[in-house]
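Undergrad: Sequence:
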Amino acid sequence: MNEGFDWLFLAEISLAGLGSGGLLALAGLALVIIYKATRVVNLAIGEMLMMSAYLFFALTATMNLPVWLAIGATIVGSGVLGALIERTMIRPMLGESPISTFMVTVGLSSVLVGLVELIWTADPRRLPEFMPTDPVLLGPAMVAPKVFYGFLVTALLIAVVLLVFRTWRGGVALRATAADQAAAYSMGINVPRVFSLSWTVAAMIAAVAGIVVGAIGGISSTMGVFGLSTLVVVIVGGLDSVLGALIGGLLVGLVEAWAGAYLGGEYKVIATFSLLLLVLLVRPYGLFGTHDIERL
5 MNEGFDWLFL
15 AEISLAGLGS
25 GGLLALAGLA
35 LVIIYKATRV
45 VNLAIGEMLM
55 MSAYLFFALT
65 ATMNLPVWLA
75 IGATIVGSGV
85 LGALIERTMI
95 RPMLGESPIS
105 TFMVTVGLSS
115 VLVGLVELIW
125 TADPRRLPEF
135 MPTDPVLLGP
145 AMVAPKVFYG
155 FLVTALLIAV
165 VLLVFRTWRG
175 GVALRATAAD
185 QAAAYSMGIN
195 VPRVFSLSWT
205 VAAMIAAVAG
215 IVVGAIGGIS
225 STMGVFGLST
235 LVVVIVGGLD
245 SVLGALIGGL
255 LVGLVEAWAG
265 AYLGGEYKVI
275 ATFSLLLLVL
285 LVRPYGLFGT
295 HDIERL
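As numbered in this note's numbering, residues 5 to 300 make up the sequence shown, in order.
No lab work stands behind these hints, which were simulated from the structure alone.
Just so you know, these numbers come straight off a predicted model, no measurement behind them.
The beta-carbon is built from N, C-alpha and C at its ideal position, and this holds for glycine as well.
The reader is advised that the hints may include incorrect statements.
Pairs of lysine to any residue, SDA-like flavour, derived with a Cα cap of 25 angstroms [as the list claims (entries may be wrong)]: (1) K40 <-> I103; (2) K150 <-> L122; (3) K272 <-> W262.
Label pairs and their in silico Cβ distance ranges [unchecked claim]: (4) T125 <-> G192: 44 to 54 angstroms; (5) L247 <-> W72: 39 to 49 angstroms; (6) V84 <-> R43: 40 to 50 angstroms; (7) I103 <-> L284: 12 to 22 angstroms.
Generate the whole structure from the sequences, applying the supplied hints.
TA: Below, the structure written as structure tokens:
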């Protein structure tokens, strides 16, 4: 006898998908900020996220710092790492072909993985528990507490970043550089400094994503795979679109959750890349991207 469709199960799966999609959107925002300012596709965004998670682990598990102090130190330390990467690896590549700079980020991802495995080995580890553990009910649907609170942190940070970029002088300079580098130069904007700012801010955003992802699923040297999903997100949404990163993250999160629940976990990747192919066939520049994006 047909008992009908389980709408409550769909609601719970969808909420979980939105939670993971929010984290993808946050990491996608970091990638878009770098691309908009510097026209560099940073394939190492997942490894930067991983590095931040391990830094947080070292500060809490090894140095026994209070969790909230460790979070602040991780964000600042990740920002310094982002600025260092830009100054030593990316800025010397100015004027080179996009594929050359892209390959530098590929090499950077391998270096960061090797560094993590050298210091902490490849064994998976758990971050200290710092989120509430009581189940969260949204109407009749139940959401895992880490997913719910992680989504709240993600939504809050995205709102803060967008507000700051609208009002802060550095954010205005970044948006001006993203719109037209030559015009930004002519207006007296220090474009190389804006490049450094974009990498610093993106690394700090990735740090928050890394801490939340690590708190939900643990940390390991394979966390960088998260960056591949992030790349799918920004391609679906549009490499140069902040709105595209946000919408794309939520969309990919939902598709992965639905595919995993109704088809099986092995179909999640297939569903995600099927969505990517479908979007590219209809809109090669992404849902919200501009038409003049360079192809690698």
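Undergrad: Work down the list of hints and note, for each, if the structure agrees.
TA: Right, here's what the structure says about each hint:
1. K40 <-> I103: holds, 16 angstroms
2. K150 <-> L122: Not OK: K150 and L122 at ~29 angstroms, beyond 25 angstroms, violated.
3. K272 <-> W262: Cα-Cα ~8 angstroms, so holds.
4. T125 <-> G192: 44 to 54 angstroms: holds, 49 angstroms
5. L247 <-> W72: 39 to 49 angstroms: With Cβ atoms ~31 angstroms apart, the hint is violated.
6. V84 <-> R43: 40 to 50 angstroms: Check failed, 23 angstroms falls outside 40 to 50 angstroms.
7. I103 <-> L284: 12 to 22 angstroms: holds, 19 angstroms
Against the hints set out earlier in the document, violations occur for numbers 2, 5, 6.
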